[in-house]
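Trainee: As a plain string of letters, each chain reads:
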Amino acid sequence: MLQGHFDIQLIAIVTAVACALPGVFLVLRRMTLMSDAISHAILPGIVLAFFLTESLSSPLLILAAAGTGVLTVLFVELLQRTKLVKEDAAIGLTFPALFSIGVILISRFAGNVHLDMDAVLLGELAYAPLNRLKAFGYDLGPVSLYVMGTILVINVVFILLFYKELKLATFDASLAAALGFAPTLIHYGLMALVSVTTVGAFDAVGSILVVALIAGPPATAYLMTDKLSRMLILSAIIGSVNAVSGYWLASIFDVSIAGAIATTMLLIFGLVFLTVPNRGLIAIARRRTRQKWEFAQTMLVIHLFNHEGLPEAEAESAVAHLHEHLSWNPDFTTQVVKYALNNRYVSRKETQLTLTEHGRAIAQQALVQ
Amino acid sequence: MQPSEPKAIEVTDLTVAYQDKPVLWDIDLDVPPGVLLSIVGPNGAGKTTLIKAILGLVRPAAGNVLIYDKPYDAQRRIVGYVPQRGSVDWDFPTNVLDVVMMGRYGALGWVRRPGKKEHELAMQALEKVGMEAYTTRQISQLSGGQQQRVFLARALVQDATVYLMDEPFQGVDATTERAIVTLLQEFRANGKTVVVVHHDLQTVTDYFDWVMLLNIRRIASGPVDETFTPDNLRETYGGRIAFMK
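These protein sequences, in sequence, are chains A and Y. Mapping of the first sequence onto our numbering: residues 367 to 735, in sequence order. Mapping of the second sequence onto our numbering: residues 10 to 254, in sequence order.
Quick caveat, the hints were computed from the structure, so don't treat them as lab data. If you're wondering where the values come from, they're calculated on a predicted model, not measured in any experiment. Hints are supplied without guarantee of correctness; some may be wrong.
To be verified - Quick partial rundown of chain Y residues pointing at chain A, CB under 10 Å, derived from the structure:
1) 42
2) 128
3) 163
What the hints assert, rightly or not - Label-pair distances were calculated between CB atoms; the ranges are:
4) A:463 to Y:183: 52 to 58 Å
5) Y:184 to A:697: 29 to 35 Å
6) A:526 to Y:238: 54 to 60 Å
7) Y:232 to A:596: 47 to 53 Å
8) A:640 to Y:124: 38 to 44 Å
Each residue gets a CB set at the ideal place from its N, CA and C atoms; glycine is no exception.
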């Protein structure tokens with residue numbers, strides 16, 4: 367089954383990258399929930415096209431799903447435009463309606479054909495390599511690899527061609543409109559792309575977990591870079607790593623591949639969220655702590671500075687009573703004094719603290735600001 | 010009509026409404042070339058909507074807009090736009106230089122990417138607004154005034170003949186305010202027409218030579234010394250204005 371291992375991983379990587387690229391623009395447009403809606407709402411489109419073609423990998427299926435996807439976005443926006451329903455509620459109303467039509471169609475008419483709910487919801491990546499493309503007696507590889515590969519190429523070409531337009535319409539839609547770049551057209555183009563990608567990917571990971579592939583890698587990459595082009599490349603890399611590690615997790619523990627891929631996505635996001643330099647949670651916590659101690663030392667030097675050379679100076683700068691004057695916890699005060707001594711902001715003569723030149727300068731500077 | 014002097018912007022009978030609620034009622038406005046015009050009026054007067062209607066960003070219920078005698082669609086290339094600073098997401102993953110180069114996208118057209126020439130133009134524009142030290146700075150790390158100067162540089166590289174600016178002075182520091190005023194004067198010296206939505210009545214006479222007083226309808230428009238009168242201001246703002254001599 368070595369070939370099977372390889373094929374499944376290749377399909378997973380191609381799917382993950384194909385999802386991550388348009389996902390970048392969804393994340394930046396704060397529209398990831400729309401991908402959730404699309405991924406569910408395309409079901410009736412898929413089912414109807416399946417009835418027509420009796421095949422799960424027909425191009426008609428993809429076109430029908432893309433149509434339903436764009437229709438979903440249109441419905442949501444129409445509802446929203448009435449101003450009677452907000453965007454989140456509009457999404458919440460639209461996609462279950464369309465999804466349920468698909469569910470009813472399947473349960474009523476597709477009882478004895480190869481289209482079951484589990485496949486729709488969770489995908490069947492493990493079986494993907496079994497359906498192979500054959501020509502002239504040669505085995506050309508799994509059909510879904512060709513489907514996803516084509517979708518990936520479409521996504522890459524679209525983003526390469528319209529990179530500048532996508533960037534402008536996402537960052538500043540009104541300037542895009544003023545310059546004649548038709549942001550609405552770009553918006554629906556992107557939505558069609560997301561729909562096509564989703565229907566291709568649902569074969570691999572199902573309609574629920576596809577959102578993890580669309581939202582996860584871009585949201586992770588967003589934390590790692592300040593550049594759109596780099597965010598796209600990083601998203602693709604993260605998506606691939608995620609697909610392969612998810613696949614192996616599933617093999618080792620003998621669990622659902624789609625489930626494992628979505629779980630690793632979360633783990634990777636969590637890891638980056640915690641550890642990324644400058645804006646990760648750990649870096650933020652460290653910075654906050656450092657700022658807290660620095661600020662406390664500044665308060666200390668300002669306190670000493672304000673009473674310097676005055677009659678009460680002796681009382682105000684006695685180490686033992688500092689915490690009373692500043693209303694600080696005694697342990698905290700001891701720690702601040704220790705840091706201030708280490709930094710040579712202050713020097714200690716028996717029980718008294720006095721400012722050093724450096725400490726005086728710090729106090730003056732802080733007071734000027 | 011006689012072939013009179015050309016008009017940089019000609020708005021006739023413009024009404025904009027959201028459903029049946031009018032935001033602008035039958036606006037007429039002629040802006041001669043080379044003037045600095047400020048649009049002033051209370052909150053909700055329709056100042057931003059007027060600018061957006063001139064740019065074709067909102068569809069009028071009635072009326073017409075011409076830029077140098079042609080509809081906006083035909084004149085995109087000669088019109089520069091500075092939207093309100095708060096209208097974009099400053100956490101977007103991009104840097105200062107990149108945002109400024111967006112001003113060249115219109116001239117580039119679909120698909121073509123910015124290159125060396127756009128890079129140079131953007132650098133020149135950033136120097137003009139005193140932001141050349143910030144080219145690679147991520148835009149979320151700019152102060153409000155710096156963001157505004159980036160937007161101005163982006164409009165500069167458009168190399169337009171007519172500029173429309175929405176509240177460029179809103180919440181900026183003194184350095185930025187001076188930079189904007191210098192730029193406005195330079196525009197006027199080069200014969201460009203600039204329309205600015207403005208909120209600070211105190212500076213209208215210093216910064217602009219024309220003014221339009223707007224409150225859903227046009228109260229008055231014309232040269233500042235004729236138009237910016239206590240009577241007109243009272244009509245625009247109701248009784249709520251006290252500072253005028």
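Trainee: Taking the hints in turn, state whether each one holds.
Mentor: Cross-check of the supplied hints:
1. The criterion of a C-beta within 10 Å of any C-beta in chain A is not met by residue 42 of chain Y, whose closest approach is roughly 20 Å, and the hint is violated.
2. The beta carbon of residue 128 of chain Y comes no nearer than 14 Å to any beta carbon in chain A, farther than 10 Å, and the hint placing it at the interface is violated.
3. The beta carbon of residue 163 of chain Y comes within 8 Å of a beta carbon in chain A, closer than 10 Å, and the hint placing it at the interface holds.
4. For the pair residue 463 of chain A and residue 183 of chain Y, the supplied restraint of 52 to 58 Å holds, since their beta-carbon distance comes to about 56 Å.
5. Remark: the range hint 29 to 35 Å for residue 184 of chain Y to residue 697 of chain A is contradicted by a beta-carbon distance near 45 Å.
6. For residue 526 of chain A and residue 238 of chain Y, the Cβ-Cβ distance of about 58 Å falls inside the hinted range of 54 to 60 Å, so the restraint holds.
7. Roughly 52 Å separates the CB atoms of residue 232 of chain Y and residue 596 of chain A, a value that falls within the hinted 47 to 53 Å.
8. At about 40 Å, the beta-carbon gap between residue 640 of chain A and residue 124 of chain Y stays in the expected band of 38 to 44 Å.
Checked against the numbered hints above, the structure breaks hints 1, 2 and 5 and satisfies the rest.
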